[in-house]
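> One line per chain: the protein sequences are S, H and E, in this order.
Residue 175 in this note's numbering sits at position 175 of the first sequence; the count goes up by one each step and never skips.
Residue 305 in this note's numbering sits at position 56 of the second sequence; the count goes up by one each step and never skips.
Residue 763 in this note's numbering sits at position 30 of the third sequence; the count goes up by one each step and never skips.
Calculated from the structure, these hints are not laboratory results.
Ideal Cβ positions, reconstructed from N, Cα and C, are used throughout, including at glycine.
Certain hints may be false.
Unchecked claim - Within a straight-line C-alpha distance of at most 20 Å, the following computed EDC-like cross-link-like pairs (lysine to aspartate or glutamate) qualify:
(1) H/LYS651 to E/ASP838
(2) E/LYS826 to H/GLU670
(3) S/LYS103 to H/ASP695
(4) S/LYS103 to H/GLU694
(5) S/LYS103 to S/GLU139
(6) H/LYS530 to H/GLU729
(7) H/LYS722 to S/GLU117
(8) H/LYS604 to H/GLU548
(9) S/LYS111 to S/ASP166
(10) E/LYS841 to H/ASP681
(11) H/LYS450 to H/GLU548
(12) H/LYS604 to E/GLU855
(13) H/LYS651 to E/ASP871
Unchecked claim - Computed beta-carbon distance windows for the label pairs:
(14) E/SER854 to H/SER266: 55 to 61 Å
(15) H/ASP302 to S/VAL147: 56 to 62 Å
(16) H/ARG609 to E/LEU749: 35 to 41 Å
(17) H/ARG609 to E/SER915: 31 to 37 Å
(18) S/VAL147 to H/ARG609: 17 to 23 Å
(19) E/GLY778 to H/LEU328: 37 to 43 Å
(20) H/ILE732 to S/ALA72: 18 to 24 Å
(21) H/ILE732 to S/LYS125: 32 to 38 Å
(22) H/LYS651 to E/SER915: 38 to 44 Å
(23) E/ARG794 to H/PRO426: 33 to 39 Å
(24) H/ARG609 to S/LYS137: 31 to 37 Å
(25) E/GLY766 to H/LYS651: 45 to 51 Å
(26) H/LYS651 to E/LEU749: 25 to 31 Å
Claimed, not checked - Sample of chain H residues facing chain S (criterion: CB under 10 Å; computed from the structure):
(27) SER679
(28) GLU680
(29) GLN682
(30) LEU683
(31) THR687
(32) GLN688
(33) ILE691
(34) ASP695
(35) ALA696
(36) LEU699
(37) ILE700
(38) GLY703
(39) ALA705
(40) ARG706
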Amino acid sequence: MENLLEIIDLHAGIEGKEILHGINLTIRPGEIHAVMGPNGAGKSTLGSVLAGRPDYTVTSGSVLFNGKDLLAMTPEERSWEGLFLSFQYPIEIPGVSITNFMKAAVNARRKARGEQELAPAQFLKLLKEKMALVGMKGEFAKREVNVGFSGGEKKRGEVFQMAMLDPLFSILDETDSGLDVDALKIVADGVNALRSPEKSAVIITHYKHLLELITPDVVHVLKDGRIIATGGMELADRIENDGFEGING
Amino acid sequence: MTDEKDILASAVEKEYSEGFVTDIEQEFVPKGLNEDIIRLISEKKQEPAWLLDFRLEAFRKWKTMTPPTWGHLNRLPALDFQDIIYYAAPKRDEDRPKEIDPALQETFDKLGIPINEREVLAGVKSKVAVDAVFDSVSVNTTFRKTLAEKGIIFCSFSEAVKEHPDLVRKYLATVVPIGDNFYAALNSAVFSDGSFCYIPKGVKCPMDLSSYFRINASGTGQFERTLIIADEGASVSYMEGCTAPMRDENQLHAAVVEIIVEKDADVRYSTVQNWYPGDSKGRGGILNLVTKRGLCRGEGSHLSWTQVETGSAITWKYPSSILMGDNSSSEFYSVALTNNYQQADTGTKMVHIGKNTKSRIVSKGISAGHSENSYRGLVRMNPGASHARNYSQCDSLLIGDKCGAHTFPVIRNANPTAIVEHEATTSRISEDQLFYCTQRGISPEDAVGLIVGGYAREVLSRLPMEFAVEAQKLLSVNLEGSIG
Amino acid sequence: MDRVYIVGIDEVPKRLNLAEMEHLRLTFIVMPGVSAEVPFEIKIGKPGVNLEIFGLYLSPRNEQVRFDFTVRHLVGGAHSSQQFRGIVGGTAKAEFDGLVYVAPDAQKTEAFQENHAILLSEGAVAESRPQLEIYADDVKCSHGATSGYLNPEELFYLRSRGIPEAEARRMQMISFITPVISHLPEELKEQILSRL
Numbered sequence: 001m002e003n004l005l006e007i008i009d010l011h012a013g014i015e016g017k018e019i020l021h022g023i024n025l026t027i028r029p030g031e032i033h034a035v036m037g038p039n040g041a042g043k044s045t046l047g048s049v050l051a052g053r054p055d056y057t058v059t060s061g062s063v064l065f066n067g068k069d070l071l072a073m074t075p076e077e078r079s080w081e082g083l084f085l086s087f088q089y090p091i092e093i094p095g096v097s098i099t100n101f102m103k104a105a106v107n108a109r110r111k112a113r114g115e116q117e118l119a120p121a122q123f124l125k126l127l128k129e130k131m132a133l134v135g136m137k138g139e140f141a142k143r144e145v146n147v148g149f150s151g152g153e154k155k156r157g158e159v160f161q162m163a164m165l166d167p168l169f170s171i172l173d174e175t176d177s178g179l180d181v182d183a184l185k186i187v188a189d190g191v192n193a194l195r196s197p198e199k200s201a202v203i204i205t206h207y208k209h210l211l212e213l214i215t216p217d218v219v220h221v222l223k224d225g226r227i228i229a230t231g232g233m234e235l236a237d238r239i240e241n242d243g244f245e246g247i248n249g
Numbered sequence: 250m251t252d253e254k255d256i257l258a259s260a261v262e263k264e265y266s267e268g269f270v271t272d273i274e275q276e277f278v279p280k281g282l283n284e285d286i287i288r289l290i291s292e293k294k295q296e297p298a299w300l301l302d303f304r305l306e307a308f309r310k311w312k313t314m315t316p317p318t319w320g321h322l323n324r325l326p327a328l329d330f331q332d333i334i335y336y337a338a339p340k341r342d343e344d345r346p347k348e349i350d351p352a353l354q355e356t357f358d359k360l361g362i363p364i365n366e367r368e369v370l371a372g373v374k375s376k377v378a379v380d381a382v383f384d385s386v387s388v389n390t391t392f393r394k395t396l397a398e399k400g401i402i403f404c405s406f407s408e409a410v411k412e413h414p415d416l417v418r419k420y421l422a423t424v425v426p427i428g429d430n431f432y433a434a435l436n437s438a439v440f441s442d443g444s445f446c447y448i449p450k451g452v453k454c455p456m457d458l459s460s461y462f463r464i465n466a467s468g469t470g471q472f473e474r475t476l477i478i479a480d481e482g483a484s485v486s487y488m489e490g491c492t493a494p495m496r497d498e499n500q501l502h503a504a505v506v507e508i509i510v511e512k513d514a515d516v517r518y519s520t521v522q523n524w525y526p527g528d529s530k531g532r533g534g535i536l537n538l539v540t541k542r543g544l545c546r547g548e549g550s551h552l553s554w555t556q557v558e559t560g561s562a563i564t565w566k567y568p569s570s571i572l573m574g575d576n577s578s579s580e581f582y583s584v585a586l587t588n589n590y591q592q593a594d595t596g597t598k599m600v601h602i603g604k605n606t607k608s609r610i611v612s613k614g615i616s617a618g619h620s621e622n623s624y625r626g627l628v629r630m631n632p633g634a635s636h637a638r639n640y641s642q643c644d645s646l647l648i649g650d651k652c653g654a655h656t657f658p659v660i661r662n663a664n665p666t667a668i669v670e671h672e673a674t675t676s677r678i679s680e681d682q683l684f685y686c687t688q689r690g691i692s693p694e695d696a697v698g699l700i701v702g703g704y705a706r707e708v709l710s711r712l713p714m715e716f717a718v719e720a721q722k723l724l725s726v727n728l729e730g731s732i733g
Numbered sequence: 734m735d736r737v738y739i740v741g742i743d744e745v746p747k748r749l750n751l752a753e754m755e756h757l758r759l760t761f762i763v764m765p766g767v768s769a770e771v772p773f774e775i776k777i778g779k780p781g782v783n784l785e786i787f788g789l790y791l792s793p794r795n796e797q798v799r800f801d802f803t804v805r806h807l808v809g810g811a812h813s814s815q816q817f818r819g820i821v822g823g824t825a826k827a828e829f830d831g832l833v834y835v836a837p838d839a840q841k842t843e844a845f846q847e848n849h850a851i852l853l854s855e856g857a858v859a860e861s862r863p864q865l866e867i868y869a870d871d872v873k874c875s876h877g878a879t880s881g882y883l884n885p886e887e888l889f890y891l892r893s894r895g896i897p898e899a900e901a902r903r904m905q906m907i908s909f910i911t912p913v914i915s916h917l918p919e920e921l922k923e924q925i926l927s928r929l
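Bound conformation, chain S alone:
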């Protein structure tokens, strides 16, 4: 079976400082991987580099996404290819409604794939469907993107956008930070509802709790820019009991 994502000896950093020191990771379609690690390990860097955040530089290594050279693509091309990054700190865009933002994104994707733009009625139908998935009420669509959103609302908003854009591969960057138990459940439900044999995801997190709700297939531990351990949920249990110190490469 073709690998969906192959990261080969990736070295990357920011402002002249190398943070990832040779990451190797393979993800097959349908798999959910968790990447756990202490602060400063490079978890967010990994997500940012895969999504193509401009500040970051790749010094060596390669990434194949769906058999294509991911690092050669612009951020929007990666998005059209089917990659989604749920931001740890979702950005505010004043004056732009969720509806208009999603319309622009959905139609840009369709155009890139040679498809027709969605007619307004079709789009609204899609919008309503996906809002229901994450338990958002009608008013949500009119709100300005992330403006005045609580931490929980922002994260749920990210899952909503993920549902709207239907990516092949999602990177959930610390999706659980700042969420209470109820919000966490909604996010997990949303993510689980999007699971399928063709789609994959990477969940980047400190804590086991979200993983109990989403159940990853593989768990990796990232420390000091390297993956030092790979296993199943038992790794997550060990971290909870012994901390990251207890895991050695």
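Starting from the known structure of chain S, arrange chains H and E on it as the hints suggest.
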């Protein structure tokens, strides 16, 4: 995946699509400005003696004045006023004076302006009356009869002079006197055509009124003169649009708009300015030097200004309101975009004379490329303006590091019960915002358009829906090439 | 470094070049009875500078006061803030002219400016001309200006607690000017408050 060639191709297509020239026979007065030329213009328009005297008085005053240079506009060229043709009009078929020349019809069709009543303004559900001005003359004014049934006068300024001279004479130059400033004096001497609008007592105008100004001939200037009067209890919503051909030389547009609002009347004046802005190197483009002022004369009168300025090489204008009547109020909402080498020095003056008067100013400047964008404003509370209030919010958005954004407000308060509040902030489109959008699959160019539209939303939302959509598109089109 | 200038008594410099990484706090005080023009231009030539300017003007009679302050950020990475507050009565006139200039390439500049005036009587005039001239985009700049009067609700609240009107007004004025004097030495603060 979209081919890079396609992206480039579509970018080039999105030029100033209104930049064409209409091939039509026109008549001109000789180039230059002197009393003979003014007499000639007045004669062509078959004006009465009093109006010719008005023009001549203005011209004599103008000759004693010098062009102002205090604006933050270092690209405003020194104009040779003798090198301009002050009157150009499409030749009228003498046998069929009421028919519209097919070339003109085609021009306005192409621009999406309905100059016949049977057409519907693209996308607009309700009817809009249109006065279409081509160079120095009004080509047609629609729905005049329908409006006349309610006592509403909406026609070209020239028509108004012929058919309602007393009204024109009563109000002309009462808000902008001929000596007010250099360009107002010039306009008063050579004004061509514009719109005249009178709404009688208690009448709410049943449709939006609009004027559309189109420059065509080269070497000319356009000097429109508009006069709007809302009598007691009347109300009207008026929109103004404009475009011009793409040329390497600058052309001057020096207009004067006067608005009188009587007791409890309400006037909403909106402008979507899309004059040719010059090319990406700053060649050509319209010089938009305009005096617009409203007098809220009656108690409880209200005037709102909404402007979206995306074009012109130079924009220099301060739509202003004189709040004379007690309890009168006015708002000024503006989005001014400058890109490439455009420059704008725009804002408003709110002069509070009466008691309990209120004004609100929301200005959103957007600078990109190598442009300069300045807000300049005056809020003055006169000693008699008890319990008057003003609130101003002037924001600047910078796109790129080669442009400038400036704010020069003047606040003068001489009444101890009046309140003035002013805030201004400067910001830019952050890298984070751009990355968030591109990660969602929105191209960088579209992302800038989206973010800028969101930034300007408070102003755009005040335009009639269809114009808001057009204005949003204009912002996107005029931002081409501003990033990367 | 902290400097206080009593306008009319202390000699006020007209120009200052900040070229060392400095934290500089300047306070300008115009007491009742003082009419003056205070022109002042500061050029910030080095990143890391933190400039705070405070200004107070008490002009209850017929004084004519004008501040003409220019702060130029010639390089990036510096922070400046200006806060001016004044109470104008009688037939006095207070003018504030403030230009904040940010040069091209002066990225990461932070510049803030505020001027607030209270008018006590008919005949008093406050004029504000805060100006922003910005040529760099990665900056945080803002200015604000208000002109108004002491809040009557607040006054009523104080009086309803038994505080006599004159005293209540004085309290309001103290509260209004506190942001620009709270950092001053006690004796000076008392001196100022005694003139209210």
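> Now tell me, hint by hint, if it's right for this structure.
Hint check:
1. H/LYS651 to E/ASP838: Within the cut-off at roughly 9 Å; holds.
2. E/LYS826 to H/GLU670: holds (18 Å)
3. S/LYS103 to H/ASP695: holds (12 Å)
4. S/LYS103 to H/GLU694: holds (16 Å)
5. S/LYS103 to S/GLU139: holds (16 Å)
6. H/LYS530 to H/GLU729: holds (13 Å)
7. H/LYS722 to S/GLU117: Judged against 20 Å, a Cα distance of about 18 Å means the pair holds.
8. H/LYS604 to H/GLU548: With Cα atoms ~9 Å apart, H/LYS604 and H/GLU548 stay inside 20 Å; holds.
9. S/LYS111 to S/ASP166: holds (15 Å)
10. E/LYS841 to H/ASP681: With Cα atoms ~16 Å apart, E/LYS841 and H/ASP681 stay inside 20 Å; holds.
11. H/LYS450 to H/GLU548: holds (14 Å)
12. H/LYS604 to E/GLU855: The hint holds at about 14 Å.
13. H/LYS651 to E/ASP871: The given pair, whose Cα atoms are some 12 Å apart, holds under the 20 Å limit.
14. E/SER854 to H/SER266: 55 to 61 Å: About 59 Å separates the Cβ atoms of E/SER854 and H/SER266, which means 55 to 61 Å holds.
15. H/ASP302 to S/VAL147: 56 to 62 Å: holds (58 Å)
16. H/ARG609 to E/LEU749: 35 to 41 Å: holds (38 Å)
17. H/ARG609 to E/SER915: 31 to 37 Å: holds (33 Å)
18. S/VAL147 to H/ARG609: 17 to 23 Å: Hint holds: Cβ distance 22 Å, inside 17 to 23 Å.
19. E/GLY778 to H/LEU328: 37 to 43 Å: Between E/GLY778 and H/LEU328, where Cβ atoms are some 40 Å apart, the hint holds.
20. H/ILE732 to S/ALA72: 18 to 24 Å: holds (21 Å)
21. H/ILE732 to S/LYS125: 32 to 38 Å: holds (34 Å)
22. H/LYS651 to E/SER915: 38 to 44 Å: holds (41 Å)
23. E/ARG794 to H/PRO426: 33 to 39 Å: holds (38 Å)
24. H/ARG609 to S/LYS137: 31 to 37 Å: holds (32 Å)
25. E/GLY766 to H/LYS651: 45 to 51 Å: Hint holds: Cβ distance 50 Å, inside 45 to 51 Å.
26. H/LYS651 to E/LEU749: 25 to 31 Å: Holds, since H/LYS651 and E/LEU749 (Cβ atoms, about 29 Å apart) stay within the stated range.
27. SER679: holds (8 Å)
28. GLU680: holds (6 Å)
29. GLN682: Hint holds; H/GLN682 Cβ to chain S Cβ min 5 Å, cut 10 Å.
30. LEU683: Interface hint status for H/LEU683: holds (8 Å vs cutoff 10 Å).
31. THR687: Constraint on H/THR687 satisfied, holds at 4 Å.
32. GLN688: Constraint on H/GLN688 satisfied, holds at 5 Å.
33. ILE691: Constraint on H/ILE691 satisfied, holds at 5 Å.
34. ASP695: holds (6 Å)
35. ALA696: Status holds, d = 8 Å.
36. LEU699: Hint holds; H/LEU699 Cβ to chain S Cβ min 6 Å, cut 10 Å.
37. ILE700: holds (6 Å)
38. GLY703: holds (3 Å)
39. ALA705: holds (7 Å)
40. ARG706: Status holds, d = 4 Å.
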